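The sequence shown: position 49 = 111 (our numbering), numbered continuously.
Quick caveat, the hints were computed from the structure, so don't treat them as lab data. Owing to the predicted nature of the structure, the values given are computational and were not obtained by experimental measurement. Some hints could be false.
When the alpha-carbon atoms are kept at most 25 Å apart in a straight line, the in silico PhoX-like pairs for lysine-lysine are as follows [unchecked claim]:
(1) K164 <-> K113
(2) K113 <-> K90
(3) K152 <-> K113
(4) K90 <-> K164
(5) K145 <-> K121
Pairwise CB distance ranges, derived in the manner of DEER restraints [to be verified]:
(6) F114 <-> G146: 18 to 26 Å
(7) F114 <-> A180: 17 to 25 Å
(8) F64 <-> K121: 12 to 20 Å
(9) R111 <-> T175: 14 to 22 Å
(10) N182 <-> M63: 26 to 34 Å
(11) T130 <-> F64: 15 to 23 Å
Cβ coordinates follow ideal geometry from the N, Cα and C atoms, glycine included.
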Amino acid sequence: MFTVEQIELAHSKVRSGADFPAYIQNIKTLGVVSFETRVTDSCTTYFGRNKFQTQSTPKYDPLLIAETSDKSQFCEYLQMHQKGETDYFKFCSHCAETGIEKWIVDLEQMTCTYYDKAQNEILIEAVPRL
63 MFTVEQIELA HSKVRSGADF PAYIQNIKTL GVVSFETRVT DSCTTYFGRN KFQTQSTPKY
123 DPLLIAETSD KSQFCEYLQM HQKGETDYFK FCSHCAETGI EKWIVDLEQM TCTYYDKAQN
183 EILIEAVPRL
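Input sequences plus hints: build the corresponding full structure.
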């Protein structure tokens, strides 16, 4: 199976949201079928076949997640990030500011779903393919 180190090596090549499709293809090749990332500290749980899972360590000091979500503002920040205008930490800060608690990427369905603190789906988007 895959290791967090292999995934982090693939992630080290990501400079902005514009690099996300290549990253997804790289980790999919490793055997990752989905992953869940907590915005508060970027701790991510990766899931593989046969109930395999592994988890990364926190990447930064905890961010405070807004109690209510602002989908409109979040979508603006997401578009900025996908155009390469923000780095990963800035994107996570924007998520926290707009009430996004986590996202789950499903590599079989090729979707990324963003959730608020009440576990409401705020946005489901297709993961771009290469």
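Each hint, compared with the structure:
Our distance criterion of 25 Å between C-alpha atoms is met by K164 and K113, whose separation comes to about 21 Å. Restraint check for K113 and K90: satisfied, since their Cα atoms lie roughly 16 Å apart, inside the 25 Å limit. For a cut-off of 25 Å, the pair hint linking K152 to K113 is broken: about 32 Å separates their Cα positions. Between K90 and K164 the CA atoms are separated by roughly 20 Å; this keeps the pair inside 25 Å, and the hint holds.
Of the pairs offered as hints, the one joining K145 and K121 holds, with about 23 Å between alpha carbons and a cut-off of 25 Å not exceeded. About 32 Å separates the C-beta atoms of F114 and G146, a value inconsistent with the hinted range of 18 to 26 Å. The supplied range of 17 to 25 Å is broken by F114 and A180, whose beta-carbon atoms lie about 29 Å from each other. For F64 and K121, the hinted distance range of 12 to 20 Å is satisfied, since their beta carbons lie about 18 Å from each other.
Range check, R111 to T175: Cβ separation about 21 Å, and the 14 to 22 Å hint holds. Taking the beta carbon of each, N182 and M63 are about 32 Å apart, inside 26 to 34 Å as hinted. The given range of 15 to 23 Å is broken by T130 and F64, whose C-beta atoms sit roughly 36 Å from each other.
In this structure, the earlier hints numbered 3, 6, 7 and 11 are contradicted, and the remaining ones agree with it.
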